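Protein chains: 2
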Amino acid sequence: MDIREFVLAKAKEAKEGARSLARASSKQKNLALLRMAEALQKRSKELIRENAKDIAYAEKKGLSKAMLDRLSLNDKRVREMARGLVEVAALPDPVGEVLKMWQRPNGMTVGKMRVPIGVIGIIYESRPNVTADATSLCLKAGNSVVLRGGSEAIHSNRAIVKILRDVAKAEGLHEGAVTFIDIPDREAVMELLKLEGIVDLIIPRGGEGLIRAVSENSRIPVLKHYKGVCHVFVDRDADLAMAEDICFNAKVQRPGTCNAMETMLVDKKIAKSFLPAMAARFRKSGVVIKGCAETRKLVKNAVAAKDEDYYNEYLDLVLNVKVVKDIDEAMDHIARYSSAHSDAIVTKDYGKGMRFLREVDSSAVLINASTRLNDGYQFGLGAEIGISTDKIHARGPMGLEELTCTKFIVLGSGQLRE
Amino acid sequence: MDIREFVLAKAKEAKEGARSLARASSKQKNLALLRMAEALQKRSKELIRENAKDIAYAEKKGLSKAMLDRLSLNDKRVREMARGLVEVAALPDPVGEVLKMWQRPNGMTVGKMRVPIGVIGIIYESRPNVTADATSLCLKAGNSVVLRGGSEAIHSNRAIVKILRDVAKAEGLHEGAVTFIDIPDREAVMELLKLEGIVDLIIPRGGEGLIRAVSENSRIPVLKHYKGVCHVFVDRDADLAMAEDICFNAKVQRPGTCNAMETMLVDKKIAKSFLPAMAARFRKSGVVIKGCAETRKLVKNAVAAKDEDYYNEYLDLVLNVKVVKDIDEAMDHIARYSSAHSDAIVTKDYGKGMRFLREVDSSAVLINASTRLNDGYQFGLGAEIGISTDKIHARGPMGLEELTCTKFIVLGSGQLRE
Numbered sequence: 106m107d108i109r110e111f112v113l114a115k116a117k118e119a120k121e122g123a124r125s126l127a128r129a130s131s132k133q134k135n136l137a138l139l140r141m142a143e144a145l146q147k148r149s150k151e152l153i154r155e156n157a158k159d160i161a162y163a164e165k166k167g168l169s170k171a172m173l174d175r176l177s178l179n180d181k182r183v184r185e186m187a188r189g190l191v192e193v194a195a196l197p198d199p200v201g202e203v204l205k206m207w208q209r210p211n212g213m214t215v216g217k218m219r220v221p222i223g224v225i226g227i228i229y230e231s232r233p234n235v236t237a238d239a240t241s242l243c244l245k246a247g248n249s250v251v252l253r254g255g256s257e258a259i260h261s262n263r264a265i266v267k268i269l270r271d272v273a274k275a276e277g278l279h280e281g282a283v284t285f286i287d288i289p290d291r292e293a294v295m296e297l298l299k300l301e302g303i304v305d306l307i308i309p310r311g312g313e314g315l316i317r318a319v320s321e322n323s324r325i326p327v328l329k330h331y332k333g334v335c336h337v338f339v340d341r342d343a344d345l346a347m348a349e350d351i352c353f354n355a356k357v358q359r360p361g362t363c364n365a366m367e368t369m370l371v372d373k374k375i376a377k378s379f380l381p382a383m384a385a386r387f388r389k390s391g392v393v394i395k396g397c398a399e400t401r402k403l404v405k406n407a408v409a410a411k412d413e414d415y416y417n418e419y420l421d422l423v424l425n426v427k428v429v430k431d432i433d434e435a436m437d438h439i440a441r442y443s444s445a446h447s448d449a450i451v452t453k454d455y456g457k458g459m460r461f462l463r464e465v466d467s468s469a470v471l472i473n474a475s476t477r478l479n480d481g482y483q484f485g486l487g488a489e490i491g492i493s494t495d496k497i498h499a500r501g502p503m504g505l506e507e508l509t510c511t512k513f514i515v516l517g518s519g520q521l522r523e
Numbered sequence: 106m107d108i109r110e111f112v113l114a115k116a117k118e119a120k121e122g123a124r125s126l127a128r129a130s131s132k133q134k135n136l137a138l139l140r141m142a143e144a145l146q147k148r149s150k151e152l153i154r155e156n157a158k159d160i161a162y163a164e165k166k167g168l169s170k171a172m173l174d175r176l177s178l179n180d181k182r183v184r185e186m187a188r189g190l191v192e193v194a195a196l197p198d199p200v201g202e203v204l205k206m207w208q209r210p211n212g213m214t215v216g217k218m219r220v221p222i223g224v225i226g227i228i229y230e231s232r233p234n235v236t237a238d239a240t241s242l243c244l245k246a247g248n249s250v251v252l253r254g255g256s257e258a259i260h261s262n263r264a265i266v267k268i269l270r271d272v273a274k275a276e277g278l279h280e281g282a283v284t285f286i287d288i289p290d291r292e293a294v295m296e297l298l299k300l301e302g303i304v305d306l307i308i309p310r311g312g313e314g315l316i317r318a319v320s321e322n323s324r325i326p327v328l329k330h331y332k333g334v335c336h337v338f339v340d341r342d343a344d345l346a347m348a349e350d351i352c353f354n355a356k357v358q359r360p361g362t363c364n365a366m367e368t369m370l371v372d373k374k375i376a377k378s379f380l381p382a383m384a385a386r387f388r389k390s391g392v393v394i395k396g397c398a399e400t401r402k403l404v405k406n407a408v409a410a411k412d413e414d415y416y417n418e419y420l421d422l423v424l425n426v427k428v429v430k431d432i433d434e435a436m437d438h439i440a441r442y443s444s445a446h447s448d449a450i451v452t453k454d455y456g457k458g459m460r461f462l463r464e465v466d467s468s469a470v471l472i473n474a475s476t477r478l479n480d481g482y483q484f485g486l487g488a489e490i491g492i493s494t495d496k497i498h499a500r501g502p503m504g505l506e507e508l509t510c511t512k513f514i515v516l517g518s519g520q521l522r523e
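From first to last, the protein sequence lines are chains U and G.
Under this note's numbering, the residues of the first sequence are numbered 106 to 523, in order.
Under this note's numbering, the residues of the second sequence are numbered 106 to 523, in order.
In short, the hints are calculated from the structure, not lab data.
Accuracy of the hints is not assured; some may be wrong.
Since the list gives no way to pick one copy over another, a pair counts as held whenever it fits inside one copy or between any two copies.
Subject to a maximum C-alpha distance of 30 Å in a straight line, what follows is the list of computed DSS-like cross-link-like pairs (lysine-lysine) [said to hold, decoys possible]:
id: 1; residue 1: Lys329; residue 2: Lys512
id: 2; residue 1: Lys117; residue 2: Lys332
id: 3; residue 1: Lys117; residue 2: Lys217
id: 4; residue 1: Lys453; residue 2: Lys402
id: 5; residue 1: Lys217; residue 2: Lys453
id: 6; residue 1: Lys329; residue 2: Lys299
id: 7; residue 1: Lys132; residue 2: Lys205
id: 8; residue 1: Lys332; residue 2: Lys299
id: 9; residue 1: Lys217; residue 2: Lys205
Please read all numbers here as calculations on a predicted model, not as lab measurements.
Produce the entire structure from the sequences given, and follow the hints as far as they go.
Below is the structure:
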């Protein structure tokens, strides 16, 4: 089999699927999603049986327990997958919304209408639930998908895709709405990334290595979800009890996530009254503190932070702490070391809050709230396909709207160019 | 000199410039643009003297008359360049606009704020006015530029950039707001395209060859302005006099532009009453018609259109004409051959108008109006940096808003993630 031809055929099928989805009504798309949810539950045994093949192979290959856990499907997980589809069906359809409309002096009306992007390539790693999750969001926004999951989950993904395609067809959509590259060869990904003009967008979901490899080799626009080196700055005018709660939540509530705090910046003026108690609370939860010289004077057991530590996404119970002169030094530090994901200030001072809001350039800038809140569900977007660290097209949590583009529409009555 | 180091230093300078621009008020940016306009006019002689060096070299190299014309500056062109800057200063500042803001159940307020993109690389060909035009739009939207003009205009561009930088500095902005890669080596462009993380967006302005080369080699997102294979479909329910005016305007008013019509689709039912008179009017203006078999029965002198003709952007007084069975065949043709730039229907039928509007997937879809109207000025955007044929980030005419991105802002009162 010629891999290039194979991938091209899949993408062309997805293009047909996209055209059928672009024409589908919200009702038709929602019905398909609900039927897909039913079918996944009804055919749960089939899914778990196929998943067992992946698990057996992974065990033989000696994959880690954590990997095996991420890979495995059971009744509960299938139920959750199905519930995800039902939730997406309940969200408002972004397609067809006219964002604004205005009149021109020559009498024509011009508007901007939200439309699907077209064909979206999803490249992901081991978790098979991504197959249903990502597909449901793309479909709801009128896009077809070309799925490329991790080779270790190939039987599970193939089974999920079969169910989704069966339903799509039964509901009068083109089967190409859901396409899957079901060969394990790495070359297939490389071929997919060349299909500019057929595939409109690539979303890689996985670790930094995967995202970099995809983005360096793609001729198609890529929406990236890079790391989060997130900061909380405790200003001299902060409510210190609130600051303590926010910093604790930002670091400890779930340290392995991209919106967890990695560096806490503390205003010199309140360092003495704030840091020792804060550090004691962190210590109780097992947080290791890497501090600047000033920090180490106030926090016993803090180890010395090196410059490169400030670039680090620990994803763990480790925290950099730095004492800064004022808000300017805090914002300079953020401008230099932040990955521009989520950065927060705690302050009671209106002016400093507004400056921080305006001048810090991150996907989410928060006043008096935990960085952990930068999330599609928390922000009320309904669902998210990831948190974009890109500045182009979408930034921050990506919901359904971010899976659309716009076109200009003109309602004329014979207007010509003079 | 190490080219890599040289380009990297320029980009880093631009990054500093971007930070200073992001903090600048609208007043400060507008004042800088007005002073730049004054300075260009005041130092017009200096510009024309430097331009003469480029012209002399281009003549020696034997460049075409058209090329020499595009390259040359005179008092009038400098005045126009300056007026462009004054017009951009008068446009509303997109930065800081809060697109929407909403309350979450936990009491925090979440909003989406428009912010600059950062550093924009502009890669362009011979016309030196692009240097001032593109810079003014980027600056107004709070972005710094890394300019890379055609080597044949290097003296002119260097002189323009010097003036713009002098003013930027005098007005309290960082000089890096306007940076220019003033070495002719092609390698410099390749190095620029690798600077992911420093340069945020690349906009190539020029022919298809330039755009393809940039997009294939760039690790940075590229906004593309590809060709326009634009259609007008004359429906059986069209006002035929209006249809004639629209088709004539779309083809003849300025055939060398990307939004000019290249293929006219005519409903079979009105072909006999519409085509002969329309063709006669085209013939008077020297339009060569390439027609399908049906067309050739009705239009004498029409030559046979081949399948590949329908993909062609003639940019000239040549037109494909095809008779179609109905709106479905017309939309199928458009889905297959259109470059998704500008496509129009002429009809009095409400339902068909609405179907065309919804189902045709192009940057502008028009009812009863000429494709030539797909333009930033015509649409009322004030100015445009080009017409994007991309679906990601911006589609259609790109004005100031399209040169920004958004960030989420959170106004909290101690909210934590549960």
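Here is how each hint holds up against the structure:
1. When the C-alpha separation of Lys329 and Lys512 is checked against a cutoff of 30 Å, the pair qualifies both within a copy, at 24 Å, and between copies, at 15 Å.
2. Taking the shortest alpha-carbon separations for Lys117 and Lys332, only the inter-copy value of 22 Å comes in at or below 30 Å, while the best intra-copy value is 33 Å.
3. For the homomeric pair Lys117 and Lys217, the shortest alpha-carbon distance inside one copy (28 Å) is at most 30 Å, but the shortest distance between copies (36 Å) is not.
4. When the C-alpha separation of Lys453 and Lys402 is checked against a cutoff of 30 Å, the pair qualifies only within one copy, where the shortest distance is 27 Å, while the shortest distance between copies is 80 Å.
5. Taking identical chains as interchangeable, the C-alpha atoms of Lys217 and Lys453 lie at most 30 Å apart only when they sit on different chains, with a minimum of 22 Å there against 40 Å within one chain.
6. For the homomeric pair Lys329 and Lys299, the shortest alpha-carbon distances inside one copy (17 Å) and between copies (16 Å) are both at most 30 Å.
7. With identical chains, the CA atoms of Lys132 and Lys205 are at most 30 Å apart both within one copy (24 Å) and between copies (27 Å).
8. Within a single copy, Lys332 and Lys299 get their C-alpha atoms as close as 26 Å, and across copies as close as 20 Å, so both meet the 30 Å cut-off.
9. In the homo-oligomer, the alpha carbons of Lys217 and Lys205 lie at most 30 Å apart both inside one protomer (6 Å) and across protomers (17 Å), since each shortest distance falls under that limit.
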